[in-house]
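Chains A and B, in that order, are what the protein sequence lines are. Each residue of the first sequence is one higher than the one before, starting from -14 at the first, in my numbering. Each residue of the second sequence is one higher than the one before, starting from 100 at the first, in my numbering.
Bear in mind the hints are in silico, worked out from the structure with no lab data behind them. Note that the Cβ used here is the ideal one computed from N, Cα and C, for glycine as well. If a hint is listed, it holds; no wrong ones were tucked in.
In the DSS-like style, the derived pairs of lysine-lysine whose C-alpha atoms are separated by at most 30 Å in a straight line are: (1) B:K296 - A:K177; (2) B:K293 - A:K172; (3) B:K209 - A:K172; (4) A:K172 - B:K296; (5) B:K329 - B:K296; (6) B:K217 - A:K(-8); (7) B:K395 - B:K349; (8) B:K309 - A:K177.
Stretch-level coverage of chain A by chain B, calculated; a stretch enters the list once three of its residues show a Cβ under 8 Å from a Cβ in chain B: (9) 136 to 144; (10) 180 to 186.
Far from chain A by the CB rule (all over 10 Å, computed), these chain B residues: (11) N290; (12) E300; (13) K308; (14) P374.
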Amino acid sequence: MIVGQRKPIDEIYAMIVANDVKKLLLGGCGTCVTISFAGGEKEVAELTAALELKATSDGWTLEITQLTPLRQCEPEYTREMADAVKAADAVLSLSCGVGVQTLAAEFPGKRVLPGVNTMMLGSHSPDRLFIEYCGACGDCILGETGGICPIVRCSKSMLNGPCGGSVNGKCEVSPDIGCGWQLIFDKLNELKLGATWDEVTTARDWRPSWHGGPRRLESK
Amino acid sequence: MSNLQRVLESGKFAVTSELGPPRDADASVVIEKAKLLKGQSDAVNITDNQTAIVRMSSIAAAKLLIDEGLEPVVQMTCRDRNRLAMQADILGAAALGAKNLLCLTGDHQKFGDHPQAKGVWDLDSIQLLQMVKAMRDDKKLLGGQEMAVAPDLFIGAAENPFADPFELRARRLAKKVAAGAQFIQTQIVYNVPKFEKWMEEVRALGLDKKVYIMAGISPLKSAGMAKYMKNNVPGMDVPDEYIARMTAAKDEGREPKEEGIAIAVELIEKMKTIPGIAGVHVMAIEWEEAVPDIVKAAGLLPRPMG
Ligand code: SF4
Ligand code: SF4
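Work out the full structure, taking the sequences as your base and the hints as a guide.
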């Protein structure tokens, strides 16, 4: 899923004041950011209360409407928001950056502000720790790396790791980060594919990745 | 042919040293350090923004060394440049007279003075080795373009026997050799038993016959530095025995730096006895003046001149 983290309330409030917003639509998203506790119905309600409190103590007139469609990244769902969007000065979207841009495209002339920092494509462990799993590189090599992504799970995106900074399974960058290449090697061994590690992976073609302008895909 | 390659091929125990360029534009710092190191080793590594701290370019500093009559080993990391910039710099370094290139992945930018920077990591060290080898041997750029005059470089790489998982450390060396490494400079050795174990695996894979392995040696300055390296530098293994010796030197009113040099010399003597070790790489980080004392005491002078 897309994992996001809500922006600090002071930053959000400053955006509201800077844009002279009196009537705000606070738009959540019922899919990815609901799972990462950043922008679901519950977080929309919590943020509404917090912003109202802040505005009151600040003497700022702020009227907030809450609305959380199933997904903000699909026009089919954002259209449900049309009336509420029209009635508001601006929308504060708690979806990922895709949702923010989809809303803005759907409602020309309306200011759509981001309330979430979109962080990663990741998943989480039972203790609510979200970890980045995929960088959407456009040419997946998980089949060669035991199903663990070297592009994002190695801090240097190495294709021939582990580097000399791997210690006790941890990355040189931080003892909180598992060394992606230790994970890959363990997994390859588990799959009895340890010997495949010895093959050199040649320089990568990054064209399918992030370096050719916005990527496009025609759906048939 | 590079002087370093000639010495290694002659079968003599080779010595390289290291010079860290300054954090400003002062050429005289490089020239002074070069004068200290002249005649003390077969070639001098010039670090490339070591530990992700901005310093004078390794290639520019290498040129200053060449002008002083020394032979540089230009270090190149994959952190700060993509394949275009790296190839441009490799061609430029060769055009300026550099004959040795050490291919490194590089420390992560978070360790340095610009943790805000975007790391590049277009290639890793093994892919860099492949690229340089193809430039030299096939006269081809990575993109396929052929060239009339290829860079004639003796190609090196590093390896850290003390990083994990241990079982991959000799195997990773094999990948570097397959990719084009002709000489290896190891991480600084303090833990000799572990290093010997690694060398056993290296020999079992026949790698000592395919690549010249130079053991990394660095004099400890103080017990504090030893402890810092042990605890804060990932992949650095400093046994307590040496920390105790450095502490004792201080407590007994002796000069800890002299003890550090004595330990370095002992380590070099040990390295000479390990089968498959072709030389030592002496790194006295921001303490280049220690190098002459160490190589002299280790009986490695005079150096065979190229
Ligand atoms: S290889 Fe690419 S597509 Fe596959 S998980 Fe990694 S970043 Fe995602
Ligand atoms: S320690 Fe592991 S994850 Fe970190 S940069 Fe090195 S190989 Fe990559």
